[in-house]
Amino acid sequence: MKDGHIHTPFCPHGSKDSFEQYIEAAIKLGYTEISFTEHAPLPLTFTDPTPDQDSAMKMNDLDQYLFTVNELKKQYANDITINVGLEIDFIVGYEDETALLLEEIGPHLDDSILSVHFLNYNNEYFCLDYSPEMFAKIVHTFGSVTSVYETYYNTLLRAVTTNLGRYKPKRVGHITLVHKFQKKFPCLKPMNDYIIHILDEIKKHNLEIDYNGAGVNKPLCQEPYPPNWVIKEAMQRNIRIIYGSDAHCAKDLHQGMHTIMKEALSI
Numbered sequence: 013m014k015d016g017h018i019h020t021p022f023c024p025h026g027s028k029d030s031f032e033q034y035i036e037a038a039i040k041l042g043y044t045e046i047s048f049t050e051h052a053p054l055p056l057t058f059t060d061p062t063p064d065q066d067s068a069m070k071m072n073d074l075d076q077y078l079f080t081v082n083e084l085k086k087q088y089a090n091d092i093t094i095n096v097g098l099e100i101d102f103i104v105g106y107e108d109e110t111a112l113l114l115e116e117i118g119p120h121l122d123d124s125i126l127s128v129h130f131l132n133y134n135n136e137y138f139c140l141d142y143s144p145e146m147f148a149k150i151v152h153t154f155g156s157v158t159s160v161y162e163t164y165y166n167t168l169l170r171a172v173t174t175n176l177g178r179y180k181p182k183r184v185g186h187i188t189l190v191h192k193f194q195k196k197f198p199c200l201k202p203m204n205d206y207i208i209h210i211l212d213e214i215k216k217h218n219l220e221i222d223y224n225g226a227g228v229n230k231p232l233c234q235e236p237y238p239p240n241w242v243i244k245e246a247m248q249r250n251i252r253i254i255y256g257s258d259a260h261c262a263k264d265l266h267q268g269m270h271t272i273m274k275e276a277l278s279i
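The sequence shown begins at 13 in our numbering and counts up one residue at a time.
Bear in mind the hints are in silico, worked out from the structure with no lab data behind them.
No residue lacks a Cβ here, since even glycine has one placed at the ideal position from N, Cα and C.
Please note that the accuracy of each hint is not assured.
Said to hold, decoys possible - Distance ranges between label pairs, derived from CB positions:
(1) D91 <-> K149: 37 to 47 Å
(2) D122 <-> H25: 34 to 44 Å
(3) G105 <-> Q65: 37 to 47 Å
(4) D91 <-> D60: 18 to 28 Å
(5) T158 <-> E36: 39 to 49 Å
(6) K196 <-> D122: 34 to 44 Å
Unchecked claim - Straight-line C-alpha distance at most 30 Å; calculated BS3-like pairs for lysine-lysine:
(7) K216 <-> K182
(8) K216 <-> K149
(9) K180 <-> K216
(10) K180 <-> K28
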């Protein structure tokens, strides 16, 4: 059993739970393989739009992060497989900077995820999953929930199809993240066609998807990223699917798995 999406004490907006707490909890839950995929440093010329500018680790922490995970990898080699990874942000307008970062750090990674958290509107950036209040501001700026959703899926499509070099992540993170606040901000236009097109491109580019359990525990989402019907479509295309807890504290390991397993039985 593998968890391919776990955060760490290097996450500025996460908990201070130690690496050992995550690892011991994973072993206790029966996992045989985990990937630590901390938020990679954002491009140096990009301004984090969140209030505390805490979306990702700082560049000066990266070497220590890689060293620490590699040491733990050796320490726990007989108990569990630990992958050194990062969650990379795809940000429109910063593709070249992201490709350069990947070229530099790619050789040091076992695993990585490519995700969209930031949306661009007239050269202003917004963090789409920060809070319901920020999402309301995004909706106001974009003009409608539908426009926000369309922008997200068009950005995700660009993430999938853009050449970021030989170390581009092989897995696409939480592909329906824009639904995080759907109970409060429902989208009146179905996004099925957008999602199907993205799945076709994921298959074409030989990528994987992150079956992310975090959405299950979000009160305004209450479903995995992505939901069951998307997983069915992915399976029909023989797209590799990797469970990810997206845990930001040790107790969130395995989150959403009960729902995911129940849905899997219906496929």
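Hint by hint, here is what the structure shows:
no.: 1; hint: D91 <-> K149: 37 to 47 Å; verdict: 45 Å, holds
no.: 2; hint: D122 <-> H25: 34 to 44 Å; verdict: 24 Å, violated
no.: 3; hint: G105 <-> Q65: 37 to 47 Å; verdict: 18 Å, violated
no.: 4; hint: D91 <-> D60: 18 to 28 Å; verdict: 36 Å, violated
no.: 5; hint: T158 <-> E36: 39 to 49 Å; verdict: 45 Å, holds
no.: 6; hint: K196 <-> D122: 34 to 44 Å; verdict: 38 Å, holds
no.: 7; hint: K216 <-> K182; verdict: 12 Å, holds
no.: 8; hint: K216 <-> K149; verdict: 35 Å, violated
no.: 9; hint: K180 <-> K216; verdict: 15 Å, holds
no.: 10; hint: K180 <-> K28; verdict: 29 Å, holds
Hint violations for this structure: numbers 2, 3, 4, 8, all remaining hints satisfied.
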